[in-house]
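Residue numbers (our numbering), protein chains in the order written: chain P, 1 to 328; chain D, 329 to 704; chain B, 705 to 1049.
Do not rely on the hints blindly, as some may be mistaken.
[Claimed, not checked] Per the computed footprint, the stretches of chain D lying under chain P, defined by three or more beta-carbons under 8 angstroms from a beta-carbon of chain P, are:
id : segment
1  : 367-380
2  : 528-540
3  : 545-551
4  : 666-673
What the hints contain is simulated information worked out from the structure, not anything from laboratory work.
Beta carbons: idealized from backbone N, C-alpha and C, even for Gly.
Spelled out from the first residue to the last, the chains are:
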Amino acid sequence: MTAFIFRRALLSIPTLIFISFISFVIIQLPPGDFVTAYAAQLRQSGEYLSAAQEAMLREQFGLNDPMLVQYWRWITNIVFRGDFGFSLEWNAPVSTLIWDRLGLTLAISSLSLVFTWLIAIPVGVYSATRQYSFFDHLFTIFGFLGKGTPDFLLALVLMWIGFAYLHIDVGGLFSPQYQNAPWSLDKVINLLTHLWIPLVVLATGGAAGLIRVMRANMLDELGKPYVETAYAQGLSERQVVWNYPVRVALNPFISTVGWSLPALFSGDVITAVVLNLPTTGPLLLKALQTQDMYLAGSFILILSVFTVIGTLVSDILLAWFDPRIRYA
Amino acid sequence: MTDQALPAPAAADAAKENLYTARPWQLVWRRFRKHVLAVVSLWFLIILALSALFAEFVAPYDPFKFERLRTLAPPTAIHIFHEGRFVGPFVYGLERERDADTARVTFTEDRETVLPIQFLYRGHSYSFFGLFQSDLHLFGVDDRREQVNLLGTDNLGRDVFSRLMHGARVTLSAGLVGVIFAFVLGLALGSISGYFGGWIDGAIQRLMEFIRSIPTIPLWMGLAAALPIAWDPIIVYVIITLILALIGWTHLARVVRGQFFAIRNEDYVLAARLAGASEYRIITRHMLPAMTSYIIAALTLAVPEMILGETALSFLGLGLRPPVVSWGVLLQDAQNLRSISLAPWLLSPGVAVVLTVLAFNFLGDGLRDAADPYGQ
Amino acid sequence: MDTKAPMPAERLLDLEDVHVHFPMREGLVKAVNGVTYHVDKGEVLGIVGESGSGKSITARAIMRLLPRNAQAAGGRIRLRPRTGEEFELSALERNSRAVRQVRGNHIGMIFQEPMTALSPVHTIGDQICRTIQLHMGLDKRAARARAADLLARVRMPRPQQMLDNYPHQLSGGMRQRAMIALAISCNPSLLIADEPTTALDVTTEAQILDLLRELQAESGMAIVFITHNFGVVADIADRVAVMYLGRIVETASVDDIFYAPKHPYTRALLNSIPRLGVDQGRRLPTIPGMVPDPFSVPAGCAFNPRCTHAVAGVCDVETPPQRQFANGQSARCHFADTFAEAAHA
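Starting from the given sequences, assemble the full structure and let the hints guide the process.
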């Protein structure tokens, strides 16, 4: 098992390197560079940089070096010093801007992952064991609707419902009066009335797909002889279903956790923009709009790294969960 | 007595005979027809595609023309009876009032003016793809001031239905073009991967895993944001579809690769090889035909991904930009709560997105089931 | 026949006129079409038939484990296990408490595919212990000890370690042993073995048959042994029932079946078995024609189109009744009496 984890972890290193490289390319992609952007910013406040000053700055930041050298400087700064570069827009180091937002993104994403599972597993099992029943059809329709509805549209609609029919304050994580208030029960309740929309939005998209996966897996497994064996032992339907086929059908499920993370992060970015949540989404969008590339690149890098880690964890979980892989 | 056949009705025999000699695509079509939802979806998409193609004809008004006096007008109700008398489909005129307190404009029906809806109506003239000039529209009302706005108007008084039709052209074609790009990439890399196997397969697999492990929307955003704002809308459109395809090809490649692996080991491929068929002949005559139906199904399922991607990017302002009209661009108008609660009909492009994506999913599912030779 | 008649004292299982139908788009399939047989205590009944003759479906009807699209369309199935209580299985709901008490406890079942009949993600021990704990009310430790005992009884090497193995770590024969241990884990009165050796190679098959015989002798349980192989039946059964298209066509002791078959189908089947030293160099006789498709079962005797003795106007019109003989043999053939003599002549 240790050897397996070690080997699997080793395999993800090239992926990580590749990801960092792509992120760096994205940072470099817009025309102009850091100094051009800096000069443009100064111009807005009425200051001007002479061509000589610009050249000097370029020399100072090493912007004339070959791209690989710049990449190496950028990545070593991140790995060894936690220095992600400088955000011109915010006039602050990137590292001071991103961490609490990332934390919130992670928190919301993992909460919605849990939420997704809580919906998808029982519904998928139900749909498979009561195939073609009324509720199976209903869940199927919901599943397709969930898959077909863009996250931001669902967020908009839920916001509208909350605002126009439930008369609750929507958008953001807190109502204004709680924004800076110390923690209290009311504040937590206030948080929950705001949090349900992003959770529902993110969980619906994921659950819609997973319900289909779970249902298909379960239908496959329910037809297998070991299920009949289990019935022949005198176990009740509930015992049979939850102990045997569900246990097997969960395997491919676990292996897809890694894949659902990118979707969750993507969903979070766009939902947060609509709902104005203080997660990575709005900041990333703003950074891209203002071409604040160090900030944007860092977000893309870190989100991707988390995805790789998530995939790694799900692979290890799968090996721990499925004896056929563990002993293969 | 020995070979006594069991008497069976002649008709059943004929049907069976028919089934045995049917060509593969006939069988696929026969199975497909049993999928009611898929067939309905197919019709929906055909009608939608035709409307998008002939948007100028279907749309009653110019999608860019402002109407200062009809801003945020609600959808026009269509009536059939006027004061208990049958008139046929018609609309009433609109009365515009400004609330003295809130300064908000409200519209009420003017029950005096009856405006019958005319089909094949001659309205504003347009140029159809630069091919010819026409002023023929599917429907309209004959009045200088009044309009029929099936889905209301936006905050500049533009007819939302007309914009939706023109947006369909951009959004659907972006989806199709994106899928074609992705298809070329996916088919090429997927079949190379599946046919040669070995380290080539390994490398392509790693690349696919890598692309799948990056959250798509941030990556799209990152790439799209690098496009200069000043670029020509057509170039932006092409680049955006390319960006969508660059990330979307992996799924197709996986399908192709999986099929290649499965079919490569089929006995009939081995038989062809033993019979001395060349590699080229095996791939083109034996393997690709067996895969086409799966590939078509996978392509159909890939279109909605592209449409959702375009919509999301444009919605965020990083994809297509006005004056280009796409469903994502249209949804930008519905970005804040105030406009939605004031004019919920601005969400109609969203409904169009959902319906279209659903239709593609149903169609793709139906095709996939029909393509499975062992399916019911 | 009086359906209210009480079961004789030695009777363990009794099937009367059992029907199972499958409604399909193409028509109604009568997979089991009036099956009557019985099993006495401690007896091994072999059931022989081609694929599709309904032998497995009948077994599942006993266990109330029919597929969801099947209809139990009549007949009576009664069971009186060692404990003396009587279950009318045919009257019980598919997943009722009483049926679950019978399954695994009074009736154990072995399936054809040892590769897939055990859960791939649970250890052998877990699967056996679950059944033991369910029916015998033992605690974890006692159940585990019993499971190890059982594995030893089915001649598994290193039973203690085997408890913690997963099925994919075992060979086919070992898996079938584990399956048998699972089936007999609660001392059932009846073991239903549905083609337990079909998927195994010949040597393993012989070992498994030996094992079943030993276990049967030790515990005195009865076995219903379903197979398509007459050779296996000769090896293990006391009595044999031959099935064709959803009906039992002949029932007899194993000797009578082999030496004095009273139904043309049984005879034709026996003739198509290759034998050492007999008729060397001659083509093996086969049964003419094919098994009719289940939607158009021939009228009259279902076997008549393929029967070399069929008489037009009788066999293709009237369904033959069951003929009872003094030695306990019975056959569903219009000419059962004369046929036997003609065959010997």
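How the hints compare with the structure:
1. 367-380: violated (count 0)
2. 528-540: Check passed, 4 qualifying residues.
3. 545-551: holds (count 6)
4. 666-673: holds (count 3)
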